[in-house]
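Number of protein chains: 2
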Amino acid sequence: MQGAYMGKILRVNLTDKKVSESPLPEEYVRKYIGGRGIAARLLYDVMSPGTDPLSPDSKMVWGTGPLTGLPVQACSSGWVVTAKSPATGTYFRSRCVSNLGIMLKRSGYDFLIIEGKAESPTYVYIDNGEVEFGDASSLWGTTTDLAEYLLKNHLIRNPRVETAVIGPAGERLVKYAIIQCGTRQLGRGGMGAIMGSKNLKALAVYGDKPIPIADEELLKELVREQIAQLSAAHGAKRMQRYGTAAIHTLINQIGDYPYKNFWGTYFPEHEKLDGEGRVKRTIRNAGCPNCLINCWKITYVREGPYAGAWVDGPEYETFCTFGGLLDISNLDATIAANQLADLYGIDTISAGVAIAFAIEAFERGIITTKDTDGMVLKWRDEEVMMKLIKKIAFREGFGDLLAEGVKIASERIGKGSEEFAIHIKGLELPAYDPRPVKAHGLGMVTSNIGGSHALSYGTQEVFGLPTAVDRFAVEGKGKLTKFNQDRLTWGECCIWCTFPTRTEWHKPDLLTKIVAAATGIDFGGFDSALKIGERVWNVEKAFNVREGFDRRHDTLPARFLKEPIPEGPSKGQKFELEPMLDEYYQARGWDVATGLPTRNKLEELGLKDIADDLEKMGRLR
Amino acid sequence: MQGAYMGKILRVNLTDKKVSESPLPEEYVRKYIGGRGIAARLLYDVMSPGTDPLSPDSKMVWGTGPLTGLPVQACSSGWVVTAKSPATGTYFRSRCVSNLGIMLKRSGYDFLIIEGKAESPTYVYIDNGEVEFGDASSLWGTTTDLAEYLLKNHLIRNPRVETAVIGPAGERLVKYAIIQCGTRQLGRGGMGAIMGSKNLKALAVYGDKPIPIADEELLKELVREQIAQLSAAHGAKRMQRYGTAAIHTLINQIGDYPYKNFWGTYFPEHEKLDGEGRVKRTIRNAGCPNCLINCWKITYVREGPYAGAWVDGPEYETFCTFGGLLDISNLDATIAANQLADLYGIDTISAGVAIAFAIEAFERGIITTKDTDGMVLKWRDEEVMMKLIKKIAFREGFGDLLAEGVKIASERIGKGSEEFAIHIKGLELPAYDPRPVKAHGLGMVTSNIGGSHALSYGTQEVFGLPTAVDRFAVEGKGKLTKFNQDRLTWGECCIWCTFPTRTEWHKPDLLTKIVAAATGIDFGGFDSALKIGERVWNVEKAFNVREGFDRRHDTLPARFLKEPIPEGPSKGQKFELEPMLDEYYQARGWDVATGLPTRNKLEELGLKDIADDLEKMGRLR
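Protein sequence lines, in the order shown, are assigned to chains V and W. Per our numbering, the very first residue in the first sequence carries number 1; after that it's consecutive. Per our numbering, the very first residue in the second sequence carries number 1; after that it's consecutive.
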């Protein structure tokens with residue numbers, strides 16, 4: 001294997017505690033680069049269709065990128081996990097930016113496949129390539145902070161390990177349980193529940209092997225250019241000051257801010273949650289290794305009822321889901337709720353949406369105190385939020401239902417509650433209303449992982465970057481969505497930070513040169529990059545098609561289709577699903593009627609084997 | 001300097017950020033061994049009488065023992081801080097058992113003197129002998145966990161450092177602010193307030209130098225014998241299972257358990273706080289380096305309203321002061337309150353006693369809701385406890401008064417509240433009533449640091465160890481107290497764990513041999529050990545005498561002198577102060593009328609220079 005790759009995949013089976021290594025296939029590197037690309041393909045290879053995501057047969061692929069651990073800007077040390085999500089039943093990728101990826105690579109591996117199920121609570125410790133299965137019985141039940149503390153100081157006794165742990169929610173298979181990695185998270189899609197189902201409380205990695213670089217001098221030069229580009233970007237400066245909360249006011253101004261369970265898109269009290277409030281509470285700017293932006297904001301509540309609460313966050317989405325989505329405008333409460341969610345191990349986006357759903361159902365009289373363990377659910381109620389976070393994480397009483405996610409909860413509750421159960425394919429929507437930002441919305445509808453903004457952020461609509469488009473327009477959004485998806489998918493193969501990649505604060509052509517300098521492999525320019533992104537997107541899509549997904553599932557809650565936005569800057573907007581879908585499938589070269597891939601497209605992308613697979617299943621057009 | 005000493009004292013001045021080293025005087029080693037002994041003597045040397053403990057002129061001496069970092073049993077890696085306490089105005093020694101002592105030694109120093117006052121929030125980082133003054137502005141205001149996290153991961157970026165940090169309480173000069181060291185504390189006497197007064201948010205130490213051993217083979221052999229002795233001790237086994245909570249039931253059974261602010265000595269609901277409850281909640285047994293007992297119990301609340309709370313503790317004393325002392329019998333609440341106190345940085349003993357004092361004053365109508373920010377204070381109220389912990393730590397409203405300690409609070413409140421303000425010399429009493437355990441009580445009365453049980457635990461009365469004595473008897477308790485004080489003082493010079501030392505689970509003669517093998521210095525047998533203990537006690541006493549303390553201050557609250565115990569196994573007992581004090585001073589060879597030392601005694605102990613000092617002040621008899 002060439003420079004910047006360690007050249008090895010580690011496979012850890014929890015059932016028989018067997019460990020094996022295999023070479024990283026050079027073909028996969030050339031076709032998928034690394035990161036999400038190779039992890040998606042490996043998952044496609046090792047997961048049989050129809051596997052229960054929470055069964056021992058389920059697999060997780062942990063993957064680094066070709067730049068992980070190198071002195072390259074902007075989150076290139078991020079890492080991904082791919083798996084089949086228990087929330088959606090689809091392919092899933094979750095991304096994180098702790099140092100665990102660097103440790104994995106320094107331990108000698110680019111990828112790690114975890115499979116099987118341990119008989120009893122277990123932790124896996126990878127130390128420079130040596131794998132140890134440890135007894136995690138004493139960790140079972142613990143909050144994420146305690147689990148990490150015990151691992152580092154008492155079980156492994158190496159404070160330098162990087163950890164990935166689940167909290168009580170992961171153990172209880174909450175559908176949106178997170179994996180806590182230091183102060184960051186594998187947040188969405190219930191990756192924590194998969195670990196829980198495997199009795200895997202924690203993964204810890206330590207390594208100090210050198211990571212090779214193909215052309216170190218050239219890389220240094222290119223990174224200098226990268227730093228110059230990033231330093232000149234206005235948006236990067238805002239991100240530096242506010243973190244992702246930089247967009248809180250903007251999203252509200254354009255009438256895209258989910259208010260009261262996506263009823264409205266403008267939060268009247270948004271100023272109370274504005275970025276400056278976070279700046280005041282920020283005790284430390286931090287960030288991924290080598291990043292000059294430092295968008296992580298460690299916030300701390302200095303006074304009042306939540307004094308002492310702190311969290312690495314909240315990110316913009318959590319400001320909303322533990323804020324305006326519930327009509328809560330107390331920033332301190334949002335911070336405290338975020339901390340609680342991290343400690344117990346649940347996703348702040350899905351948890352907030354689940355709580356908002358419950359409040360709306362209660363307000364409409366669809367559920368009553370008989371369903372809610374006697375709690376009166378209402379907007380603007382911080383105590384309700386705090387209590388429900390705990391009930392969900394521990395699956396206590398009413399929390400047990402919400403722990404299933406709003407899709408299943410609404411199906412069980414019925415009475416029309418499905419119409420305001422805000423999810424796509426079972427994944428609760430993040431803090432963006434699809435109605436006023438059509439490509440952004442379409443991206444979520446067609447995302448391979450369900451209701452996520454992360455795979456195809458419509459920056460052209462939201463920020464006018466890299467070039468502005470009319471966010472209410474319908475035409476052209478199918479093509480734009482494909483472009484956005486392919487670009488960000490390529491970005492996550494490399495692995496680039498999503499912010500500068502989607503906004504082009506650093507130029508794509510420079511990025512392709514950096515990858516070439518690090519790896520010694522010429523993956524081509526930006527056109528090739530988009531092609532690689534498209535290839536990976538199609539692998540992921542094929543995974544879903546194999547699981548039975550098609551056009552019928554590329555939809556969204558009735559609220560967005562039927563209810564015009566009632567007030568604010570985007571008043572009157574609905575989501576025009578069908579014409580945009582048609583255009584999107586056309587742009588993708590897929591079958592418009594079914595949304596299924598075509599042999600032509602898959603072969604064009606070098607995925608003949610996958611076309612053959614789908615054909616055998618009658619799922620190719 | 002001979003084996004097991006690094007031979008150096010580090011002096012750090014925060015005012016001018018100057019650092020100096022001096023050799024550890026051989027004379028001090030021979031006279032005081034190390035640990036508390038040398039730290040007490042150094043404090044005597046560097047602190048001028050009458051210095052305000054919270055002024056820049058105030059000093060702190062951090063000290064290791066001759067066994068710190070060596071493979072010796074039972075807390076020999078503990079370390080001490082000596083200073084003048086802001087709570088008492090006396091000499092103070094606080095003891096801790098984190099790895100910070102080992103790091104200090106491995107960094108090249110036996111002792112560290114901190115003095116001066118930084119202009120702005122500062123941390124001091126000692127890295128293998130290099131001293132760095134860091135900007136701690138971003139840490140100011142933080143809870144202890146956040147401060148430690150930021151230091152290790154963001155400011156110093158070495159997760160292996162050992163830290164000592166203060167919380168919001170230390171910054172606010174709460175008289176009983178702690179210094180949090182990992183999960184352990186320098187708990188009593190307001191050491192955290194001294195750091196706060198110096199704008200010193202944190203100390204961090206890393207070192208990896210080898211620590212010499214004079215006779216390694218002999219040491220190994222002796223430690224094997226030590227392990228055999230400890231393993232055979234019944235009490236050590238109980239300590240292993242329950243930690244210090246082992247004594248919770250026992251102390252109640254003998255009618256010595258402070259109930260409702262020391263009104264009674266029997267807690268009717270004690271079973272709910274019994275050791276087995278803690279065993280159930282114990283997620284990890286831990287302990288000092290190399291200790292086979294592992295008395296640290298990391299407890300975790302798995303369910304209910306406090307689910308997720310965890311703490312290294314509670315120790316027996318906290319079980320009482322956040323439990324029966326307030327008539328609270330919810331173990332989970334006790335754990336959660338302990339965690340909160342550690343995070344905010346206040347001592348659980350003094351805080352509990354302050355809260356109990358406030359409740360009694362409220363119940364008696366001496367204070368009302370006008371004084372308490374509208375809070376109704378009552379027994380059995382967990383919410384009152386939690387709220388007051390926070391108010392004290394942040395000096396909010398009524399908490400500002402309680403943050404001064406019960407001595408000052410009662411003096412300000414007046415109306416007879418002094419009679420039930422439970423302190424000695426300004427230090428709140430721990431979880432032992434002096435009335436039914438006379439030597440134990442006398443030990444607290446005459447302790448050089450105020451109301452602490454730690455310097456002369458009356459094990460003969462409480463446990464019948466090493467030999468039982470009648471706990472209600474008055475005669476002989478003066479002599480016994482002197483013996484207990486001298487033994488434990490020697491123990492803290494070495495530094496031995498207090499539990500096996502006072503109970504003689506490991507035999508004193510063996511311990512003297514171990515110190516000799518480690519250091520290459522023959523300090524003599526147990527008789528010599530007691531003499532060294534006595535010498536150090538007299539140095540500490542001289543410090544206090546210099547500050548104006550004498551017999552008048554060796555007293556205790558009127559409650560213990562006037563009120564017979566109303567019920568339970570010790571019903572009717574009062575504390576017979578004067579005859580015991582007479583006997584104690586006689587045993588000490590001090591002047592009985594004034595409680596002041598004599599030239600004879602000081603010269604006998606080789607402390608002629610101190611006798612001269614006191615004579616000049618007219619404080620020698």
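What the hints contain is simulated information worked out from the structure, not anything from laboratory work. Any given hint might turn out to be false.
Put simply, identical chains are the same to the list, so a pair is met inside one copy or across any two.
Stated by the list, open to error - List time: in silico PhoX-like cross-link candidates among lysine-lysine, alpha-carbon distance up to 25 Å:
| no. | residue 1 | residue 2 |
| --- | --- | --- |
| 1 | Lys152 | Lys209 |
| 2 | Lys280 | Lys152 |
| 3 | Lys237 | Lys272 |
| 4 | Lys280 | Lys390 |
| 5 | Lys272 | Lys8 |
| 6 | Lys574 | Lys370 |
| 7 | Lys272 | Lys513 |
| 8 | Lys562 | Lys17 |
| 9 | Lys415 | Lys272 |
| 10 | Lys415 | Lys531 |
| 11 | Lys415 | Lys117 |
| 12 | Lys616 | Lys260 |
| 13 | Lys571 | Lys117 |
| 14 | Lys415 | Lys209 |
| 15 | Lys272 | Lys31 |
| 16 | Lys370 | Lys17 |
Hints, one by one, checked against the model:
1. Lys152 <-> Lys209: Close inside one copy (20 Å) and across copies (22 Å); limit 25 Å.
2. Lys280 <-> Lys152: between (32 Å within a copy, 23 Å between copies)
3. Lys237 <-> Lys272: Classified as within: same-chain Cα gap 22 Å, cross-chain 56 Å, threshold 25 Å.
4. Lys280 <-> Lys390: Answer is between; shortest inter-copy Cα gap is 22 Å, intra-copy 28 Å.
5. Lys272 <-> Lys8: Neither: 50 Å inside a chain and 55 Å across chains, both beyond 25 Å.
6. Lys574 <-> Lys370: neither (35 Å within a copy, 57 Å between copies)
7. Lys272 <-> Lys513: neither (43 Å within a copy, 67 Å between copies)
8. Lys562 <-> Lys17: neither (52 Å within a copy, 69 Å between copies)
9. Lys415 <-> Lys272: neither (35 Å within a copy, 46 Å between copies)
10. Lys415 <-> Lys531: neither (45 Å within a copy, 84 Å between copies)
11. Lys415 <-> Lys117: Cα proximity of Lys415 and Lys117: none, with 38 Å in one copy and 67 Å across.
12. Lys616 <-> Lys260: Intra 46 Å, inter 78 Å, cutoff 25 Å: neither.
13. Lys571 <-> Lys117: neither (50 Å within a copy, 60 Å between copies)
14. Lys415 <-> Lys209: neither (58 Å within a copy, 71 Å between copies)
15. Lys272 <-> Lys31: Neither: 48 Å inside a copy, 64 Å across copies.
16. Lys370 <-> Lys17: neither (46 Å within a copy, 65 Å between copies)
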